[in-house]
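S.K.: Taking the hints into account, I'd like the entire structure generated from these sequences.
Read top to bottom, the protein sequences are chains A and B.
Numbering follows the working numbering, in which position 416 of the first sequence is assigned residue number 416; successive positions increment by one, without gaps.
Numbering follows the working numbering, in which position 211 of the second sequence is assigned residue number 211; successive positions increment by one, without gaps.
There could be a bad hint or two in this list.
Some chain A residues flagged as far from chain B (calculated, every beta-carbon gap over 10 Å) [to be verified]:
{"#": "1", "residue": "E85"}
{"#": "2", "residue": "R207"}
{"#": "3", "residue": "R342"}
{"#": "4", "residue": "N352"}
{"#": "5", "residue": "V367"}
{"#": "6", "residue": "D378"}
{"#": "7", "residue": "G401"}
{"#": "8", "residue": "A459"}
{"#": "9", "residue": "H490"}
So, partial list: chain A residues that the calculated Cβ filter (under 10 Å) puts toward chain B [claimed, not checked]:
{"#": "10", "residue": "S40"}
{"#": "11", "residue": "E44"}
{"#": "12", "residue": "P45"}
{"#": "13", "residue": "A183"}
{"#": "14", "residue": "R224"}
{"#": "15", "residue": "F225"}
{"#": "16", "residue": "L236"}
{"#": "17", "residue": "E240"}
{"#": "18", "residue": "A391"}
{"#": "19", "residue": "T392"}
{"#": "20", "residue": "E395"}
Here are a few chain A residues that sit away from chain B, every Cβ distance over 12 Å (derived from the structure) [as the list claims (entries may be wrong)]:
{"#": "21", "residue": "T97"}
{"#": "22", "residue": "D146"}
{"#": "23", "residue": "S154"}
{"#": "24", "residue": "T281"}
{"#": "25", "residue": "R290"}
{"#": "26", "residue": "D302"}
{"#": "27", "residue": "L435"}
{"#": "28", "residue": "G489"}
None of these hints come from the bench; they were simulated from the model.
Every value quoted in this text rests on a predicted model; they were computed, and no experiment measured them.
Using N, Cα and C, we set each Cβ at its ideal position, and we do this for glycine too.
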Amino acid sequence: MTISRSRRPKFLMRTVGALVAAVTVGGAALAETKTDLVWSHPQEPPNWNFLQTGATALTAPTLNNVIEGLVERLGDGSVAPLLAESWEISDDGLAYTFHLRYAKFHDGSDLDAGDVVYSILKNKDAGQSFIKVPLVPVEAVEAIDDSTVKITLSAPSQRLLGELGVTSGIIVPEGFYEEHDAASEMIGTGPYVFGEYRPDVHLILNRFDEYWGDLPYFEKITHRFIPDETAAINALLAGEIDMVASIFGEGLDRVASVAGSDEFKAVVPAPDPVNWVFLSTQVEALKDIRVRQAIAHAINRDDILAAGQSGYGETICQHVIPFTEPWNNGYCPYEYDPEKSRALLKEAGYENLTLDFPYLTIAEFPVIKDILEVQMADVGITLETRGLDLATWLERAFRNGEYEFSNITGVANAQSFICGGGREPFGMDHSELCLEEFDELVRTSDTILDRDAYLEAMAEMVKVLADSAWVIDIHAKSTPTLAREELVGHKGYRYRAQMDARKLRWAE
Amino acid sequence: MNSRTLALISREALTLLVSAIIGSLVVFGLLRMLGGDVALMILGQEAAPEAAEALREELGLNRPWYVQYFAWIGGFLTGDLGRSYSGGYDIFEQIVVRFGPTSLLAFGSLFVSIAIAIVVGTYSALHNKDWTGAAVDVAAQLGIAIPNFWAGLMLVYVFAVLLGWFPAGGYVPLLQDPGGSLHSLVLPIVALSLSSAAVKTRFVRSAMLDVMDEDYIKTAMAKGRTFRSAVITHGLRNASIPVLTISALQLGSLLAGALVIENVFVIPGLGRLLLVAVNGREVMVVQSVAFVILMIILVMNFVMDVAYGLLDPRIADKKAAGHG
Numbered sequence: 001m002t003i004s005r006s007r008r009p010k011f012l013m014r015t016v017g018a019l020v021a022a023v024t025v026g027g028a029a030l031a032e033t034k035t036d037l038v039w040s041h042p043q044e045p046p047n048w049n050f051l052q053t054g055a056t057a058l059t060a061p062t063l064n065n066v067i068e069g070l071v072e073r074l075g076d077g078s079v080a081p082l083l084a085e086s087w088e089i090s091d092d093g094l095a096y097t098f099h100l101r102y103a104k105f106h107d108g109s110d111l112d113a114g115d116v117v118y119s120i121l122k123n124k125d126a127g128q129s130f131i132k133v134p135l136v137p138v139e140a141v142e143a144i145d146d147s148t149v150k151i152t153l154s155a156p157s158q159r160l161l162g163e164l165g166v167t168s169g170i171i172v173p174e175g176f177y178e179e180h181d182a183a184s185e186m187i188g189t190g191p192y193v194f195g196e197y198r199p200d201v202h203l204i205l206n207r208f209d210e211y212w213g214d215l216p217y218f219e220k221i222t223h224r225f226i227p228d229e230t231a232a233i234n235a236l237l238a239g240e241i242d243m244v245a246s247i248f249g250e251g252l253d254r255v256a257s258v259a260g261s262d263e264f265k266a267v268v269p270a271p272d273p274v275n276w277v278f279l280s281t282q283v284e285a286l287k288d289i290r291v292r293q294a295i296a297h298a299i300n301r302d303d304i305l306a307a308g309q310s311g312y313g314e315t316i317c318q319h320v321i322p323f324t325e326p327w328n329n330g331y332c333p334y335e336y337d338p339e340k341s342r343a344l345l346k347e348a349g350y351e352n353l354t355l356d357f358p359y360l361t362i363a364e365f366p367v368i369k370d371i372l373e374v375q376m377a378d379v380g381i382t383l384e385t386r387g388l389d390l391a392t393w394l395e396r397a398f399r400n401g402e403y404e405f406s407n408i409t410g411v412a413n414a415q416s417f418i419c420g421g422g423r424e425p426f427g428m429d430h431s432e433l434c435l436e437e438f439d440e441l442v443r444t445s446d447t448i449l450d451r452d453a454y455l456e457a458m459a460e461m462v463k464v465l466a467d468s469a470w471v472i473d474i475h476a477k478s479t480p481t482l483a484r485e486e487l488v489g490h491k492g493y494r495y496r497a498q499m500d501a502r503k504l505r506w507a508e
Numbered sequence: 001m002n003s004r005t006l007a008l009i010s011r012e013a014l015t016l017l018v019s020a021i022i023g024s025l026v027v028f029g030l031l032r033m034l035g036g037d038v039a040l041m042i043l044g045q046e047a048a049p050e051a052a053e054a055l056r057e058e059l060g061l062n063r064p065w066y067v068q069y070f071a072w073i074g075g076f077l078t079g080d081l082g083r084s085y086s087g088g089y090d091i092f093e094q095i096v097v098r099f100g101p102t103s104l105l106a107f108g109s110l111f112v113s114i115a116i117a118i119v120v121g122t123y124s125a126l127h128n129k130d131w132t133g134a135a136v137d138v139a140a141q142l143g144i145a146i147p148n149f150w151a152g153l154m155l156v157y158v159f160a161v162l163l164g165w166f167p168a169g170g171y172v173p174l175l176q177d178p179g180g181s182l183h184s185l186v187l188p189i190v191a192l193s194l195s196s197a198a199v200k201t202r203f204v205r206s207a208m209l210d211v212m213d214e215d216y217i218k219t220a221m222a223k224g225r226t227f228r229s230a231v232i233t234h235g236l237r238n239a240s241i242p243v244l245t246i247s248a249l250q251l252g253s254l255l256a257g258a259l260v261i262e263n264v265f266v267i268p269g270l271g272r273l274l275l276v277a278v279n280g281r282e283v284m285v286v287q288s289v290a291f292v293i294l295m296i297i298l299v300m301n302f303v304m305d306v307a308y309g310l311l312d313p314r315i316a317d318k319k320a321a322g323h324g
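M.R.: Shown next, in the form of structure tokens:
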């Protein structure tokens with residue numbers, strides 16, 4: 001076919017236009033139906049075995065969506081029925097009797113006491129401290145009948161019921177770990193079934209129509225793994241996803257501007273993980289409490305929260321996780337006071353102290369490192385910083401104790417710092433801290449039956465840890481979520497970064 | 001097959017084998033030097049110390065390095081690369097699955113960059129005396145200078161977020177939906193091909209300019225062709241050899257660039273697998289993927305060297321005589 005010169009430009013434009021239309025229209029659209037939800041999370045767990053994997057990336061899409069516990073812990077720390085409809089606690093606090101509701105597992109089997117006995121005993125042997133430690137006082141778990149379970153303790157435990165409402169009480173079918181590959185499968189009683197899992201792509205959650213409770217609004221949730229927060233936010237702006245959860249990196253800078261539009265909003269939950277500085281017990285200078293106090297006085301928490309977290313969270317001086325625990329009383333032994341810091345260092349004879357500071361090169365840590373460097377330099381302390389990726393930091397600083405000053409964010413409770421507990425600032429075997437008063441409070445507080453006395457003891461415990469200044473808490477962080485304006489039903493708090501879909505729906 | 005050809009192929013195959021062995025040792029050794037605790041990466045920082053030690057033992061991380069190396073190489077030869085420490089997936093299977101998106105991205109970018117270079121380079125040469133040709137030259141310089149991840153982010157912002165013409169990320173498998181797959185790869189391919197297209201454009205332009213002054217152009221015109229037609233017909237043939245040579249050399253950087261682009265566009269290819277595995281200290285995955293990429297480049301070079309030797313026997317003779 002010959003096209004005359006005069007017609008060539010028009011022909012060319014029509015051809016280009018048709019090609020563009022073919023490319024843009026011909027591909028599969030990513031539009032979801034009204035009852036489908038697409039959300040993203042920046043992390044993917046190494047596998048789905050929650051007994052083995054500590055990553056909150058695992059609990060984010062699954063806790064209370066797929067897997068459920070005996071009870072549910074609420075935002076104020078109280079406990080509500082879940083798989084257990086009701087329970088009794090003996091007067092001596094040594095026996096808990098749970099009455100189970102009728103519920104089905106996703107494999108079609110009915111929940112019974114045998115499943116609870118199996119699950120609690122498995123949880124007690126978990127490789128994760130946050131699952132097994134609360135169950136240490138559990139002496140026996142027995143099925144009284146098909147729907148009644150009795151847990152007998154060696155000593156009373158105030159925290160047990162609350163922990164059964166998070167991860168220590170997750171219930172799976174009897175024989176699950178022997179008959180299934182827990183690394184790639186999950187069976188629970190929740191409103192969503194663990195569906196198609198494509199590594200590095202997505203996890204599909206399909207509504208479980210035989211769920212024992214109110215069916216959630218969304219029939220299908222696509223949980224996409226998008227590690228790059230810029231890419232995730234772009235996908236939200238482009239309409240490809242409905243929600244971007246757990247923004248804690250470079251995306252924090254864009255939250256305010258994106259949420260400022262009419263189409264999107266930011267959901268900021270109550271703070272959960274805490275950021276803290278920890279000091280090595282092997283350094284002579286740091287054994288002098290005046291030096292540790294000086295370091296604590298040199299830290300301006302407001303600056304670190306503003307720069308490291310774009311202000312999302314609250315400053316904190318005590319190690320209380322979650323932030324909403326009733327014994328979090330705002331006590332702050334070492335307010336920002338560089339003058340006092342310099343005076344303490346002079347008094348202790350360490351006016352030019354140098355400390356080795358291995359820091360993480362991901363998320364908020366480089367920014368926090370920069371600010372700590374300046375703040376310490378202001379009082380005469382030089383931080384010799386070296387950036388390490390997470391794997392290397394875990395090996396060298398956390399496991400081998402190769403640090404003098406370091407910084408981390410986590411969900412470790414204060415009790416885990418007990419002598420022999422193997423947590424930083426102790427770096428496992430190398431750097432043990434044994435505060436007699438603190439250890440005694442850790443051992444005894446949980447066994448106090450009287451609630452008020454228990455709260456008082458817990459407050460004293462975290463106060464003693466804060467006073468010692470081995471662990472200097474900086475802030476409790478909130479990781480905001482960006483979502484479409486019309487997506488409502490978000491929960492105002494989270495445990496283990498959970499993305500609770502039970503009440504989510506489109507606004508009418 | 002004559003003796004010269006056999007000698008050429010044998011020589012190049014030996015080079016390939018030696019390079020592969022040295023490459024495998026380098027990849028293996030460097031990863032061992034990286035350090036990092038795999039068990040803690042899998043279990044998390046709240047893992048009980050005894051659980052972490054038990055996992056290290058279970059994964060065989062405490063075995064001597066040479067035992068681990070020969071176990072890996074042996075598995076490579078039998079097609080069994082073992083399983084991921086954390087996810088438990090079959091490594092060979094994952095490499096095969098992810099090879100598709102990465103090769104679509106890398107080879108797609110290669111062909112797109114060749115097409116862009118031919119068109120733009122020719123245009124620039126034909127208009128080398130006016131401002132449009134100069135503008136193209138400047139654009140080529142910018143194409144070399146602009147990082148592909150930045151180009152990717154800008155393309156996403158304009159064509160996905162603002163205009164909504166293309167998806168902001170994600171990948172649709174080709175066999176599942178060919179149209180959707182290609183649609184999802186338009187922006188990543190453009191982002192990845194810009195730099196290599198800019199480099200090739202300059203080669204094409206240079207080759208075309210050389211041709212323009214040749215006598216056979218005048219001869220072709222005397223036979224009735226226009227100047228433009230004569231230059232394009234003869235010049236492109238002239239430009240094709242260096243363009244193909246550069247393309248083969250650029251394949252390595254395209255595969256490396258694909259790693260970044262896969263992250264920007266959330267494409268589950270080899271690059272993403274490598275990045276996640278490096279962060280998670282999945283040494284078996286990293287060394288296997290790195291070795292696969294290494295072998296692709298080595299095999300491409302082997303093919304090119306043999307092809308040159310066959311096309312031009314003088315090259316084969318020079319190599320045989322040890323002159324390169």
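S.K.: Next, verify each hint and record whether it holds.
M.R.: So, going through the hints one by one against the coordinates:
no.	hint	verdict
1	E85	holds, 31 Å
2	R207	holds, 23 Å
3	R342	holds, 34 Å
4	N352	holds, 32 Å
5	V367	holds, 20 Å
6	D378	holds, 30 Å
7	G401	holds, 12 Å
8	A459	holds, 24 Å
9	H490	holds, 23 Å
10	S40	holds, 9 Å
11	E44	holds, 8 Å
12	P45	holds, 8 Å
13	A183	holds, 5 Å
14	R224	holds, 8 Å
15	F225	holds, 8 Å
16	L236	holds, 9 Å
17	E240	holds, 6 Å
18	A391	holds, 3 Å
19	T392	holds, 5 Å
20	E395	holds, 4 Å
21	T97	holds, 29 Å
22	D146	holds, 33 Å
23	S154	holds, 19 Å
24	T281	holds, 17 Å
25	R290	holds, 30 Å
26	D302	holds, 27 Å
27	L435	holds, 21 Å
28	G489	holds, 25 Å
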